[in-house]
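K.L.:
In case you want the letters, here they are:
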Amino acid sequence: MSAPLETAMPGALETTTRAASETAMPGALETTTRAASETAMPGALETTTRAASETATPGALETAMRGAGRPRLVPYVTGGITADWTRYLLACQAGGADAVELGLPFSDPMLDGVTIQRASDQALARGATVEKILTDLTSVRDQLTVPVVVMTYANLVVHAGATAFCRRLAAAGVTGLIVPDLPVDELGELEPAAARSGIDLVLLVAPSTPAARIRQICARSRGFVYAVSTMGPTGERDTLDGRAVVLAANARDAGGPPVLIGFGVSTPAQAARAAGAADGVVVASALVREVLDGATPERLRQVVAGFRAALDATRLRGTTSR
Amino acid sequence: MTVTNALSVAARTMMAEPLAGGRFGEFGGRYVPESLVAACAEVEEAFREAWSDASFRHRLERLRAVHAGRPTALTPAVNLSAELGVTVLLKREDLAHTGSHKINNVLGQALLAHRMGRRRLLAETGAGQHGVAAATAAALFGLDATVFMGERDIERQQLNVFRMTMLGAEIVPVRSGSRTLKDACNEAMRHWVTAAHDSYYCVGSVMGPHPYPWMVREFQRVIGEEARAQCAAELPTSVPTHVVACVGGGSNAAGTFAGFVDTDARLIGVEAAGGAAMTDGTAGIVHGYRSRVLQDEHGQVAEAHSIAAGLDYPGVGPEHAYLGDIRRARYVTVTDDEVVPALRRLARTEGILCALESAHAIAWVLRAAGTADLPTGSTVLITLSGRGDKDMPALMATATR
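Chains W and A, in that order, are what the protein sequence lines are. If you use the numbering used here, the first sequence corresponds to residues 1 to 322, in order. If you use the numbering used here, the second sequence corresponds to residues 323 to 723, in order.
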């Protein structure tokens, strides 16, 4: 795993990359071996991975995160939360989303607060599975013009196998993946598997992430960099954590893909403030709460449109500069 | 079970220090949100530094002696041995302060937390034994203690809940998921994200992100080391032929096995049939580590069921998954129906009321004695991980004379 990456990123990034592969070493050998045996082509894996990294062509997600010319808005929807949950996806798009984050519910969501836990429990109780959700997604694929980014936990990836999981996502039209309990040191087989399937693997930075590690994460993140605004689980908050602004600035300075602030972005005003420091925002719990409270897709569209308007006003005031 | 030389060497290496990144073979690791990576790294660094500091070790040794009552006895189960035709020795962790092996780990971690300047211990608990130990150590070190406990466990372990409050701990009932230990672990981790700057997460077993599985095993190693020396004094063969311990997360077993991994003794971990991650689990990631996990066909973590709340956990320490893979240890299951009679038989033959968790180890020995698994004439060390006071209400509910 380390060799392809070093080949792909010479020069200034070399030190960072080397540090990354050192910390990631223990799993790397085993990972490569397993991934190779999955494809049954030991040489092919490395070649493919190197090709994917070398071209470093932004995927659909990163293009969308860069290309809109306005602060980016990524709303979150829990897959399978209701029978007609895909209507919420389309409502987010209609409300002005630049991409949609789709949560695949997991029984033990280590980083989620009460709202998203409830949503996941509700979806699982309805019998939601990865397969059913992706099948639903496929059925509305033609109506979706914005990228879909999946967010889920490591066990669902490992359970399916990284290669199979990424292929399945790609087949359903997903272009990005966020796995919050896979820090950069543990990406193992997922990073090359995602690259092979054309899935942008979005990595997270947190207020506790040291500067050198922020650079390392930004260098390996694809699509966008997810800046976790606060030290805590997901959930609505009264104010946006001031550390989010500093973190987003540091992540933007690192020069990777666009930086979006997520966690605790609860109101249009907070979104506007966050967008002043970053390239955009992810809004989750505030929307999921609406859905749990019985909001219609039209109501959700209006809420998303409210965030959209606040973000656009921010741009008009000229407070986003990059 | 034949252990090849190479595997024996591998096992010896494993029970010394994990590979970089906290790996035991393919298991272990640090699968936590980025927010917690720095906190885990800080604990690892502090532990490495403390563990190589003679004064830290000396202080811990003294705490174990004057506060925990170590060394605990090695009791020959004379009557049971005569009945079974095998020599049974009991390592008496039930005699340790607070009534279980949990105190060994918690004294080590509380001493570490104190050294790191933390003011509060966070802990999760199932049966309550780890919570009681954490509350005890927190009181001793002048730290606050917050213990996360599933609502269902609170209902069935009221005595330990009360003990914790007497010791000054705050109990946080966890209402999510199955309302048991696994959900208490999730909630403790979520809370740790918000509190990592001033609180220390005191993990209760050989689980969680690196360095916890390694560190907790090191703090529990005292069980195996004491037992090894005591067996040498007690047995003509010096080392028992079999070493048996119950496995939930697996800390008493890991501590016991660590003392014998370099011998010819057969290491046997006994799981609850309804919570047997080693036997029924598949590769997975939960609570920050990669190991064997009970899960459904879609990758959702399954709920475990055991009469013993301490074994009601869908994962197992990553080092056990590794020891099982290389066949250095063997993992077996017993059912709830075997456990209660085993507890009663030990009580009546030896005058010892052990915990339901520990009775799993007894139940396997009762079943295996005289078979190829445990031939007549064998010498078997059983770790009695804890005493049974906490389980008396449950036993009263099921008692038959």
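Incorrect hints may appear among the rest.
Said to hold, decoys possible - Derived lysine to aspartate or glutamate pairs resembling EDC-like cross-links, with alpha carbons at most 20 angstroms apart: (1) W:K132 with W:D142; (2) W:K132 with W:D84; (3) W:K132 with A:D618; (4) W:K132 with A:E619.
What the hints assert, rightly or not - From the derived model, a few chain W residues whose C-beta atoms are all more than 10 angstroms from chain A: (5) Q117; (6) R126; (7) A160; (8) A172; (9) P210; (10) R213; (11) P233; (12) R273; (13) Q302; (14) R315.
The set of hints was computed from the structure by calculation and includes no laboratory data. We put the CB at the ideal spot given by N, CA and C, even for glycine.
K.L.:
Does each hint fit the structure? Answer for all of them.
P.N.:
Now for the hints, and whether the structure bears them out:
Between W:K132 and W:D142, the direct Cα distance comes to roughly 18 angstroms. Compliance with the 20 angstroms bound is thereby established for this hinted pair. Among the hinted pairs, W:K132 with W:D84 is consistent with the structure: their alpha-carbon atoms are about 12 angstroms apart, no more than 20 angstroms. For the hint pairing W:K132 with A:D618, the CA-to-CA distance comes to about 15 angstroms; that is within 20 angstroms, so the pair holds. Between the alpha carbons of W:K132 and A:E619 the distance comes to roughly 13 angstroms, so the proposed pair stays at or under 20 angstroms and holds.
At the 10 angstroms boundary, the C-beta of W:Q117 falls inside the reach of chain A, the nearest C-beta of that chain being 6 angstroms off. Non-interface call for W:R126 relative to chain A: holds, since the shortest CB-CB distance, roughly 13 angstroms, exceeds 10 angstroms. Residue-level check failed: W:A160 sits 7 angstroms from the nearest beta carbon of chain A, not beyond 10 angstroms. The non-interface label for W:A172 is consistent with chain A: the shortest C-beta to C-beta separation is roughly 16 angstroms, beyond 10 angstroms.
With a cut of 10 angstroms on Cβ distances, W:P210 falls inside the contact zone with chain A, its closest approach being about 7 angstroms. For W:R213, the non-interface assignment is contradicted: its Cβ lies about 8 angstroms from the closest Cβ of chain A, within the 10 angstroms cut-off. Some Cβ of chain A comes within 10 angstroms of the Cβ of W:P233; the nearest lies about 5 angstroms off, and the non-interface call is violated. With a cut of 10 angstroms on Cβ distances, W:R273 stays outside the contact zone with chain A, its closest approach being about 21 angstroms.
Taking the minimum C-beta to C-beta distance to chain A, about 31 angstroms, the non-interface status of W:Q302 holds against the 10 angstroms cut. With a closest Cβ-Cβ approach of about 28 angstroms to chain A, W:R315 is found to remain outside the 10 angstroms limit, as its non-interface label requires.
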